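Here is how the chains run, residue by residue.
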Amino acid sequence: MTILAVLLLLPAVLGDSRYLFSVLMNCMGLSLIALGVWLTFTIGRTNICQAGFALIGGYATAIFLAHYHMNFWLALPLSALVAASAGAVIGSFILKLRGIYFSMLTISLTEAIRLAFLNGGDFTQGSRGITDLPQPFGDSVFGLYYLALALLGFGLLLTWRIHYSRVGRIFRAMRLNEDLAESFGTHVWRYRVIAFSVACGLGGLGGSYFAVFTQSIYPQSFSVEHSIYYMLFCFLGGLEFVSGGIVGAFVLTILFELLSQFQQYQTLIYGGLMIAVILLLPNGLMAMTLRRKEVRA
Amino acid sequence: MLQVLINGIVLGSVYALIALGLTMVFSIMRVVNFAHGQMYMLGAFVVYYLYGQFQLPFWLALPLAGLALAVVGVLFNRLFFQPVLASAKREENSMLMAVGTALLLENLALTLFGEKQRGVPPVVDGSFIFGDISEGGAILTYPNAMVAALSVTAIAALLLFVQYTRPGRALRAVAQDKEAARLQGVDVKSITTLGFAIGAALAGLAGGLLVTIYGVNSGIGSNISTKAFIMIMIGGAGVTSGAIVGGVLLGFAEAIGYDLLPGSLTYLLIFVAMIVFLVFKPNGLFGKPWG
Amino acid sequence: MQKRSMIRAAVLAAVAPWFLLGSAHAEKILKIGVNGVMSGEAASWGLVNKYCAETTADMYNAKGGVDIGGQKYKIEVVALDDKNDPKVSVTNAEKLTSQGIKYIIGPNIDTTALAVKPVVERAHALNFPYAFAKELYKAPANASVLGMVASYQVGPIIYEYLKNKKGVKSIAFLARNESDAKNQQAEGVAAARKLGLKVVADSDSYEPGTKDFMPVMTKIIRDKPDHIVLSGVAPADAPLLNKAARDLGFKGSISTETGQDSKILAQVAGDKARGFISVGGASTPEIQSDYMKAFIAAYKKRVGEWNDEAGTKVYALELILAVLKQNPAAVNNTEAFKKTMATFSMSNPFVKGGKTRLEFTGKADFGRRSQVGVPLVVNEFTGKDFKTLFVGTIKN
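Residue numbers (this note's numbering), protein chains in the order written: chain G, 263 to 559; chain U, 4 to 294; chain E, 11 to 406.
If we strip away everything but chain G, and leave its shape as in the complex, we get (with noise of 0.2 Å):
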């Protein structure tokens, strides 16, 4: 919550600095997909098929708004669901699989959206993907930057609803024992999807985001990487923490940027760091406040 209302006070102390400006909207952004990651973590599944529900959700967008020219403010939820459906039917059949199983099906899953894109005819326009798309405020930062944190936003309080609700104890019963959860009767299944579509449909907002973002979506806007940078933002900052997954997701995107001007060494320092990270942490960055809370307590 606090992140939030830095994030809602910042512009004014930023200024002008687009730069600075862009890196947050990268963070808001891949924040609000690792949220969907997070979730499906609450159920006891490692998602690694978010990357291809945000390119759902992108591909939603720009067919919208490039071939059937509809308004943004209708594409962006539209998009949403579309992804959050593809989820829940998807869902529904995959779900049923546990642990290290589903975590590779769902990178096969990535590669299999991907592909589909990429040999989706004039529908999807292929390789060459959809350029061009119109950006909904024009040429000012602040539009598209507090259209990030209202997802932002929206996501977070979403998920922490969710997570806080009869719902969400019910996941949390189904993480530790799914056949337990089952004999007293709970419609296991029905929550699973329900938990997995919510999660896809933040996958797609966020991939509907970053369309506008970059006014283009192509098949390798988000491949398997991704997905695999997603769970591993929920993990750097935290699996019992709604936040792990923002935190993570705002940790090493900057990070990255810190490094940059080391040039070569860049992305080898940050492979580094992270090993350091597991290593020293291995409950997440989060668990560094759970800690000392305990001890306080």
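Keep in mind that the hints were calculated from the coordinates and are not lab data. Given the structure is predicted, the values throughout are model-derived calculations rather than measurements. Please note: incorrect hints may appear among the correct ones.
Counterexamples of contact, computed for chain U against chain G with all Cβ distances above 12 Å [what the hints assert, rightly or not]:
no., residue
1, LEU153
2, PHE164
3, ARG169
4, PRO170
30 Å max Cα-Cα, derived DSBU-like pairs, lysine-lysine [stated by the list, open to error]:
no., chain 1, residue 1, chain 2, residue 2
5, G, LYS358, U, LYS181
6, E, LYS234, E, LYS397
7, E, LYS73, E, LYS234
8, E, LYS348, E, LYS38
9, U, LYS284, G, LYS358
10, E, LYS38, E, LYS84
One-sided and incomplete, this derived list gives chain E residues near chain U with beta-carbon spacing under 8 Å [what the hints assert, rightly or not]:
no., residue
11, ALA53
12, SER54
13, ASN187
14, VAL210
15, SER213
16, ASP214
17, GLU217
18, PRO225
19, VAL226
20, ILE231
21, PRO245
22, ALA246
23, LEU250
24, ASP257
25, LEU258
26, GLN277
We treat Cβ as the ideally placed atom computed from N, Cα and C, and that holds for glycine.
Once you have looked at the hints, place chains U and E on chain G.
Below, chains U and E without anything else, positioned relative to chain G:
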């Protein structure tokens, strides 16, 4: 059609070797080694330097690539994976570590070996010719034949090792049940290290073999990893026979697909078919259910 | 427990700000940006751009800097890796332009180049992409200058050569399945048809990351072409494709429209790539000047090893500096640069003899001069090295 068959056999035997290393690590440690492809790449670079640059005989360079990667495997296991497995609240953290090591290896290679594609002189040259290609004939080049034969040899050697030697039996015991193995007096920690070392060595061997026909660059790792994931999922993760069957199946699917379909449609169909297959048979062909 | 976590937090906190430290300079500095892919599979594309810019900067800085309007400037190259990801490319472009950088070399492919276009336009900077999409260079776009020869410019020239000199009648196209490559393929097919060549395969492609090209090549060879064009192939793929074709008994000729590296071809394919036709810049020994030799030496000193791809990429920074020298007002004003660009002409320092001109071109394709006029050098691979087949010029 003969050409498709030959392409399938060559690809399949190589893929099986790659998948075997990945499945070995998984069966022992329950870790999906995302760095498997990067280890393959390192093995290829070892052969590139020893055989291609310092002109050591290939028959010496290839085992050295396996050995070098085994050392990397031992170090990775002791320094990175065992601490994480010991301290993390969730086992997914080992996956995160694997991704971290993959990233590190890839960028280390880019810094050390540069951005260029590398290749080595052919070990053998020439080909078996079965008629003109444009008339429906087929060709098997000696290098391809050699790579396929050596892959099959390496696979057979590993199977014999696992089946008939003492450490091999200990490996199987740990894969089946860690606790039971411990009670029977197996040193689980060192056997786990051995398993990881063998897995890494297999990746290195595969890389060292294939550099002779495909060359290598520092960025090829993740692609190899993704393919290896597909193979072990088809067969069932952690099962030796599954990895071999998965590898051969993918090799043939690729060879046949590329023959009949335009470019990327092949992999789209492979992925879709695999997802549908796994929905009905979540543990692959031979896999055990595992949460 | 608390102590340990405190230590961990302290370690992380101590490491973080260390990375924020920059270095301060006192003298006049001309910053040049490089934005492109420098990691992952296509790393060589962006890295070669970066190395070339850095080498040019090294050469000028060794002489105390570049003299623009009586003022010495040290050149500082700011290179950023975009991982071929349009999102990152946009951030990079914002970063470069926010530092006041006006001239940016890269990015390398259509996706990233199109994504940064609005950013560069807004900042009134000038971009030198190595991507071929025409909408980057045609009006109303006005912030990009193509850094090299486009495939659709060199393709027809090579095909015409093949048709007239080598008696090629049928031709097959194989592309890497990516935006740029597929566009190159489509344009190549159109050009070949226009010349009256029979196109026997016009849409075959392979996935980036493919290593075994036997299946793809088998299919192409069954169509019995006299010549195979590899559209948009990466330097890593070209030798493997050549090898696969020759292993399968292909007797015709093979060409591509992008720059390749002779050492890669020699190592991976050797004799099997003999006769492979590709596009070079100025690195073939027959035509290189002493200045080019000095450049290669400086490049080797910086990078360790020469890459022939760099032959097509030596021009961008050299030409930018030459224009700035002629019109010092352009240092901070790209409008002035564009004005000079329209009429600029100098003798090409990289090609010996001093007769070849270096200017901005592209009028025929883009309706205005928005392209670095790299000489169109067509090379043939001998099994070890490149030898120049012929030097053409782009219609202006």
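Holds or violated: the hint that ILE231 of chain E contacts chain U, with Cβ atoms closer than 8 Å.
Holds. Min distance 5 Å.
Grab the minimum beta-carbon distance between PHE164 of chain U and chain G and tell me whether it stays above 12 Å.
holds (25 Å)
For the hint on LEU258 of chain E, just tell me whether its beta-carbon gets within less than 8 Å of chain U.
holds (5 Å)
For the pair supplied as a hint, LYS234 of chain E and LYS397 of chain E, is the alpha-carbon distance within the 30 Å limit?
holds (27 Å)
Does the interface hint hold: is PRO225 of chain E within less than 8 Å of chain U, judged Cβ to Cβ?
holds (3 Å)
Quick one, is the GLU217 of chain E hint okay against chain U at 8 Å, beta carbons?
holds (5 Å)
With a cut-off of 30 Å on the C-alpha distance, tell me whether LYS73 of chain E and LYS234 of chain E pass.
violated (56 Å)
Would the stated hint for PRO245 of chain E survive a check requiring a Cβ distance to chain U of less than 8 Å?
With a minimum Cβ separation of about 6 Å from chain U (threshold 8 Å), the hint on PRO245 of chain E holds.
Holds or violated: is there a CB of chain U closer than 8 Å to the CB of LEU250 of chain E?
holds (6 Å)
Hint check, ASN187 of chain E versus chain U [nearest Cβ-Cβ separation less than 8 Å]
holds (5 Å)
Keeping to a limit of 30 Å between CA atoms, is the pair of LYS284 of chain U and LYS358 of chain G held or broken?
holds (11 Å)
Given SER213 of chain E as an interface hint, is its Cβ closer than 8 Å to any Cβ of chain U?
holds (7 Å)
Violated hints, listed in ascending order, are 7, 14; each of the other numbered hints is respected by the structure.
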